[in-house]
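**Student:** Sequences listed follow chains W and A, in order.
Heads up, the first sequence is in this note's numbering, so the first residue is 277 and it goes up one at a time.
Heads up, the second sequence is in this note's numbering, so the first residue is 30 and it goes up one at a time.
The set of hints was computed from the structure by calculation and includes no laboratory data.
C-beta: ideal position from N, C-alpha, C; glycine also.
One or more hints might be untrue.
[Said to hold, decoys possible] To spell it out: a stretch of chain A is covered by chain W in this simulated footprint if at least three of its residues, at any positions, have a beta carbon under 8 Å from a beta carbon of chain W; those stretches are:
no.	segment
1	72–79
2	83–96
3	113–125
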Amino acid sequence: MMSRQDHNEDDILRRYINPGMIEKAPDSLTSGIMKSIEGEALPRFSIRSLVSRHHVPVISFIVTAALVAAALLFPGGPANPVADPLVKFFGSIATRFSHISIFPVAELNLPEWIIYAFIGILLLALFDRALTGIFYRNNR
Amino acid sequence: MKPVNIFVRLRNDMDYRGDIYYIQKVYQGDRNAYSFLVDRHKDRAYNLALRISGNREDAEEITQDAFLKAFRSLGSFKMKSAFATWVYRIVYNTAISFVRARKKGVLSIEDFPADALDFIGFSSNIREAENDYRSSLVNFALQKIEAEERALITLYYYEEMSTDKISEVTGISRSNVKVRLFRARQKMIRIICKVEHKNIVYDEQAGS
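For reference, chain W alone in the conformation it holds in the complex (with noise of 0.2 Å):
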């Protein structure tokens, strides 16, 4: 928001400049750029591009598999302080609501790592949402 004097100044200066006026710019000007060009090697859509222009679901997508895999590979030790609550958790979950028949989740006879798949997808929308904030703040 202006201060007044400053919307004054703008006024003033608005008096003395006349937004539409655009020069043209001279005619010899697009072939002179396109004779510069002539000898440049043609510009390809590159993958490092692609990468950066999506850095946040890379980087998810990244993350969660990586949980998957570590889950898969990493055989069941000892009782985890973190994680068993957690799976616990999710798995009482599931069965609060085996009485729903809408879907025959019950008779569905899911891998072990569904679970574990599951928790990464959680954390996956925490981690996106973290990174956006990282990487989009100058958006804001």
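Given the coordinates of chain W, assemble chain A onto it according to the supplied hints.
**Tutor:** Using the frame of chain W, we list chain A on its own:
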């Protein structure tokens, strides 16, 4: 009925396609597709370069250089912003570097023609003469401020961009854009008032 030039109509149809279409054409190997992008954006790019550099020869050189740089780095264009904004950013950076390297001497108030009456000699229409006078006065004032400030005034008043868009083009934070715009505006008002005052004194002396 006037015959329609079918090639002109085809060209006009293609004009309605977005910039991304032509960028992808260039990726596919059609170098000439770049000319559509140049034609579409050259006037505004040239005007930005002209107001920053202050003369037409330099502006042409800057614009040509900027479009060449844009062509070279087209592969890394992220498509997050509009192509026009991206090109503007290249023009802005190229123009600022050019002006810094040039290190032209600063104009003095005396360099400005005496007053508005001088412009009437070039035009039979008083309103037109007044517009020419004001336009010349603003261009003169623009050349007396720094290159970055010139760019901000041009983008805000001539291109009518928001401070967010200006921040995107110049890479300066939004709050800094507002502060610098404020300072640039003050400087320009001071210069315009000095010239106007000088003209009033001149007229009084001429009258006496």
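**Student:** Please name the hints from earlier in the document that this structure breaks, with their numbers sorted from lowest to highest.
**Tutor:** Hint check: 3 fails alone, others pass.
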